[in-house]
Amino acid sequence: MNCEQLQEILPHVIDEGGNADADAHLASCASCGELAHDLKHIATQAGLLLPMHDPSPRVWNNIQQSLVSEGLIRGGRTPGSAGVTAFPQRVAPPHRAWTPLGSFIAAAAVLLLAVVLFRYTPSAAGTQAANQASASGDQQLISRISKGDPAVGKAYEESLKQVNSYIADAEKAAKDNSGDAFASEQLMDAYQHKAMLYEMAAARSTE
Amino acid sequence: MKIAAPKGKLTQVKKVIAPGLSEAEAIDRAKNGDAEAFEALYGLHKRRVYSLCLRMVSNTSEAEDLTQEAFLQLYRKISTFRGESAFSTWLHRLSVNVVLMHLRKKSLPEVSLDEMLEPVQEDAPKKDIGSPDTTLTGSIDRVNLERAIEDLPPGYRIIFVLHDIEGYEHNEIAEMMGCSIGNSKSQLHKARMKLREHLKFSRAEKTAGR
Amino acid sequence: MKWPPRVRPNKHTGLQGDTNKMTKLNSTAVIGALVIMSASMAVAGNVKQSRLNLNPGAVLTIVNGGGSVSLHAGTEQQVVINATTYSDKVEVDTRVTADRTRGEVITHTLSQQRPSAEDAKVDYDIAVPSGISVIVNTSTAPITVEGVSGDITVSSDTGQIVARRASKSHLHVRSINASVEIADVNGTHVEVTTAGGPVRLTRVSGPSVEVSTTTGKITYIGDCAGGGKYKLSTHNAPIDVFLPETASVDMEARSSEGSVDSDFPFTKKDHESYPPTGANQGRAFSGTSNSGLSSVDLRSYSGRIRVKKQ
Numbered sequence: 001m002n003c004e005q006l007q008e009i010l011p012h013v014i015d016e017g018g019n020a021d022a023d024a025h026l027a028s029c030a031s032c033g034e035l036a037h038d039l040k041h042i043a044t045q046a047g048l049l050l051p052m053h054d055p056s057p058r059v060w061n062n063i064q065q066s067l068v069s070e071g072l073i074r075g076g077r078t079p080g081s082a083g084v085t086a087f088p089q090r091v092a093p094p095h096r097a098w099t100p101l102g103s104f105i106a107a108a109a110v111l112l113l114a115v116v117l118f119r120y121t122p123s124a125a126g127t128q129a130a131n132q133a134s135a136s137g138d139q140q141l142i143s144r145i146s147k148g149d150p151a152v153g154k155a156y157e158e159s160l161k162q163v164n165s166y167i168a169d170a171e172k173a174a175k176d177n178s179g180d181a182f183a184s185e186q187l188m189d190a191y192q193h194k195a196m197l198y199e200m201a202a203a204r205s206t207e
Numbered sequence: 001m002k003i004a005a006p007k008g009k010l011t012q013v014k015k016v017i018a019p020g021l022s023e024a025e026a027i028d029r030a031k032n033g034d035a036e037a038f039e040a041l042y043g044l045h046k047r048r049v050y051s052l053c054l055r056m057v058s059n060t061s062e063a064e065d066l067t068q069e070a071f072l073q074l075y076r077k078i079s080t081f082r083g084e085s086a087f088s089t090w091l092h093r094l095s096v097n098v099v100l101m102h103l104r105k106k107s108l109p110e111v112s113l114d115e116m117l118e119p120v121q122e123d124a125p126k127k128d129i130g131s132p133d134t135t136l137t138g139s140i141d142r143v144n145l146e147r148a149i150e151d152l153p154p155g156y157r158i159i160f161v162l163h164d165i166e167g168y169e170h171n172e173i174a175e176m177m178g179c180s181i182g183n184s185k186s187q188l189h190k191a192r193m194k195l196r197e198h199l200k201f202s203r204a205e206k207t208a209g210r
Numbered sequence: 001m002k003w004p005p006r007v008r009p010n011k012h013t014g015l016q017g018d019t020n021k022m023t024k025l026n027s028t029a030v031i032g033a034l035v036i037m038s039a040s041m042a043v044a045g046n047v048k049q050s051r052l053n054l055n056p057g058a059v060l061t062i063v064n065g066g067g068s069v070s071l072h073a074g075t076e077q078q079v080v081i082n083a084t085t086y087s088d089k090v091e092v093d094t095r096v097t098a099d100r101t102r103g104e105v106i107t108h109t110l111s112q113q114r115p116s117a118e119d120a121k122v123d124y125d126i127a128v129p130s131g132i133s134v135i136v137n138t139s140t141a142p143i144t145v146e147g148v149s150g151d152i153t154v155s156s157d158t159g160q161i162v163a164r165r166a167s168k169s170h171l172h173v174r175s176i177n178a179s180v181e182i183a184d185v186n187g188t189h190v191e192v193t194t195a196g197g198p199v200r201l202t203r204v205s206g207p208s209v210e211v212s213t214t215t216g217k218i219t220y221i222g223d224c225a226g227g228g229k230y231k232l233s234t235h236n237a238p239i240d241v242f243l244p245e246t247a248s249v250d251m252e253a254r255s256s257e258g259s260v261d262s263d264f265p266f267t268k269k270d271h272e273s274y275p276p277t278g279a280n281q282g283r284a285f286s287g288t289s290n291s292g293l294s295s296v297d298l299r300s301y302s303g304r305i306r307v308k309k310q
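Line by line, the protein sequences are chains E, D and W. For the first sequence, the positions run 1 to 207 when the working numbering is used. For the second sequence, the positions run 1 to 210 when the working numbering is used. For the third sequence, the positions run 1 to 310 when the working numbering is used.
It is possible that some hints are incorrect.
Derived lysine-lysine pairs resembling DSSO-like cross-links, with alpha carbons at most 27 Å apart [what the hints assert, rightly or not]:
#1 K231(W) to K172(E)
#2 K268(W) to K172(E)
#3 K40(E) to K185(D)
#4 K168(W) to K105(D)
#5 K309(W) to K106(D)
#6 K172(E) to K161(E)
#7 K89(W) to K168(W)
#8 K268(W) to K217(W)
#9 K309(W) to K217(W)
#10 K147(E) to K161(E)
#11 K309(W) to K229(W)
#12 K77(D) to K106(D)
#13 K231(W) to K268(W)
#14 K106(D) to K185(D)
#15 K269(W) to K229(W)
#16 K147(E) to K308(W)
#17 K229(W) to K168(W)
#18 K308(W) to K105(D)
#19 K217(W) to K308(W)
#20 K308(W) to K269(W)
#21 K200(D) to K40(E)
#22 K217(W) to K161(E)
#23 K154(E) to K89(W)
#24 K217(W) to K154(E)
#25 K217(W) to K229(W)
#26 K217(W) to K231(W)
#27 K217(W) to K106(D)
#28 K175(E) to K231(W)
#29 K231(W) to K269(W)
#30 K308(W) to K231(W)
#31 K168(W) to K231(W)
#32 K106(D) to K231(W)
#33 K168(W) to K161(E)
#34 K231(W) to K309(W)
#35 K31(D) to K77(D)
#36 K308(W) to K268(W)
#37 K231(W) to K105(D)
For the chain W half of the interface with chain D, some residues (derived, Cβ under 7 Å), not all of them [what the hints assert, rightly or not]:
#38 G57
#39 S133
#40 H170
No lab work stands behind these hints: they were computed from the structure. Virtual Cβ for every residue (Gly too), placed ideally from N, Cα, C.
Full structure from sequences and hints, please.
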């Protein structure tokens, strides 16, 4: 057997073993022997590679959003509750530690989102609870951010006003046009803007 | 104004599989739409799925999109999982199919996947006859090996990842890729040859002190 | 006087998740070396350079308050950080996990010393090699990303954000009320969300371009190329889209309370859900141009929507 003939069958030799001729050639030919050794070595080492990479947090965030919008997630709706599905991850800022305020802020945002997503027959109590959580959460957020930087606090205050106005408009439109996908989408959009504000605020902390 | 420095680990992903929650329980609960169970399963398997996708497409953004799609498909289909195979095997196979489907979509409709992935002539490894050289010995540095795999032409890389890293047999690869077993073996051999070229070149560079 | 380097106790325990067995090939030790760069007692512009070794696919996170952050493509394998501090009341912390899959650059103000905004600011100039994902988070510092491709996530409360020359990437931008400008970005998933900040996109195309603002004006100048999906939406701000005649789009525009008009030569088409008649008259249109390859959705609650020919 010559080198060319050996290399024709080399893949088989490496993965399944060779015949007597092949073995004899490998034993006598340094070049082919080294080649076979190297290829086996590469295959073996590759088999020892372990998964070493994590995807960025945005992957889970996107999955969450899709699961919610596809209705694959069911939250517990008991009487008197707002049907909160605990996805604190949704509003958790990437790579940030949570302060106690941050947790509260995020929970308030999730509550608002969940009220929108899961209330099919809006109740006065549910709306009131959501509005109260919203106003109180907004005040805490503004006051916290302002302590660190009053100018940035003002920016948040102004933005919250605008976003709340968006939510009010979108809620009215959704109520007046129930079943209209466009109106529902706008309402989701409005709440997502609010969630973004909370998420960015939670990334800041002051002493 | 102080910016909160991250404490502890660099990501905020919740610890996977909560205390007292086994994978089997998480699967059952996920079938009923339990949010925590979904998250637990994600945390447990995300690294393997993402690493697989990343090794196959060599692009972080694409790999993340594919990871996202794989898990979404998993969650959509989880009610059909009956435990005939290990959950991780099922998920793994699903992930491979997601990647291959993605690659098919990228190619022209009339070109088959293995044709699309067939490297051009200049990428093909050179035949190595009659020229003894230094052997690859000892453990190959993982980083160099990963880099070398990343640099493989897509057709070689996919077969190599599926066979040598992920452990699929040629008949399984042939079925997934819609190619012949012979083709799968041939591509694998070329991938290994190419890697050998790359790793020897890297070592030679290092020795030369560059 | 130079501050001696301080080594903080290691808070990182490395990667979480799988408890697979590690082999000789793979790193078992997750030590997480911590390097602190201290600012000297200079009056202004004290520049320190540090370098981070990150593996391809690693994630680099940059956190800054005031000052500026400028990211650009690097020519070296390492991340090269040039940080300019203006007082000794602020430090720059850099760290990398032992397996080099995560790196951080964080501005740390010494708040006990009550730094002013001027004292606390840091200007960063960072060269990023290809294959590294980047996350930038600032409060007031403007952020510029030029020629960096890959996975880029940028957010700032009030700092202007500019991203130019990226391709085949993922670009995520968030802002409270700062302006966002994206130019010469193609083949990229673009996602921008602002409350009040205006957003301007020039020659931006991708498989997916999504911009959503509350009150920030959106301006798009380009051809919506690539057979992608484009979605621009606002609450009450105007949306202006300028397309060339050669644009190949399938467009739908709708506003609940605002006006929608176009002087672009579309081939009008009927839309089942919201025919532009009755209450929707003047508030919706849909049409195609050329082969209608890319889908373009323009939506507002009460913002004016206009589509014009370039």
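Tested hints:
no. : hint               : verdict
1   : K231(W) to K172(E) : holds, 23 Å
2   : K268(W) to K172(E) : violated, 30 Å
3   : K40(E) to K185(D)  : holds, 14 Å
4   : K168(W) to K105(D) : holds, 17 Å
5   : K309(W) to K106(D) : violated, 32 Å
6   : K172(E) to K161(E) : holds, 17 Å
7   : K89(W) to K168(W)  : violated, 40 Å
8   : K268(W) to K217(W) : holds, 26 Å
9   : K309(W) to K217(W) : holds, 19 Å
10  : K147(E) to K161(E) : holds, 19 Å
11  : K309(W) to K229(W) : holds, 20 Å
12  : K77(D) to K106(D)  : holds, 24 Å
13  : K231(W) to K268(W) : holds, 19 Å
14  : K106(D) to K185(D) : holds, 24 Å
15  : K269(W) to K229(W) : holds, 18 Å
16  : K147(E) to K308(W) : violated, 45 Å
17  : K229(W) to K168(W) : holds, 15 Å
18  : K308(W) to K105(D) : violated, 33 Å
19  : K217(W) to K308(W) : holds, 16 Å
20  : K308(W) to K269(W) : holds, 18 Å
21  : K200(D) to K40(E)  : holds, 15 Å
22  : K217(W) to K161(E) : holds, 17 Å
23  : K154(E) to K89(W)  : holds, 25 Å
24  : K217(W) to K154(E) : holds, 20 Å
25  : K217(W) to K229(W) : holds, 20 Å
26  : K217(W) to K231(W) : holds, 14 Å
27  : K217(W) to K106(D) : violated, 35 Å
28  : K175(E) to K231(W) : holds, 24 Å
29  : K231(W) to K269(W) : holds, 19 Å
30  : K308(W) to K231(W) : holds, 17 Å
31  : K168(W) to K231(W) : holds, 18 Å
32  : K106(D) to K231(W) : holds, 23 Å
33  : K168(W) to K161(E) : violated, 37 Å
34  : K231(W) to K309(W) : holds, 18 Å
35  : K31(D) to K77(D)   : holds, 9 Å
36  : K308(W) to K268(W) : holds, 15 Å
37  : K231(W) to K105(D) : holds, 23 Å
38  : G57                : holds, 5 Å
39  : S133               : holds, 6 Å
40  : H170               : holds, 4 Å
Comparing the model with each earlier hint shows violations of hints 2, 5, 7, 16, 18, 27, 33; every other hint is respected.
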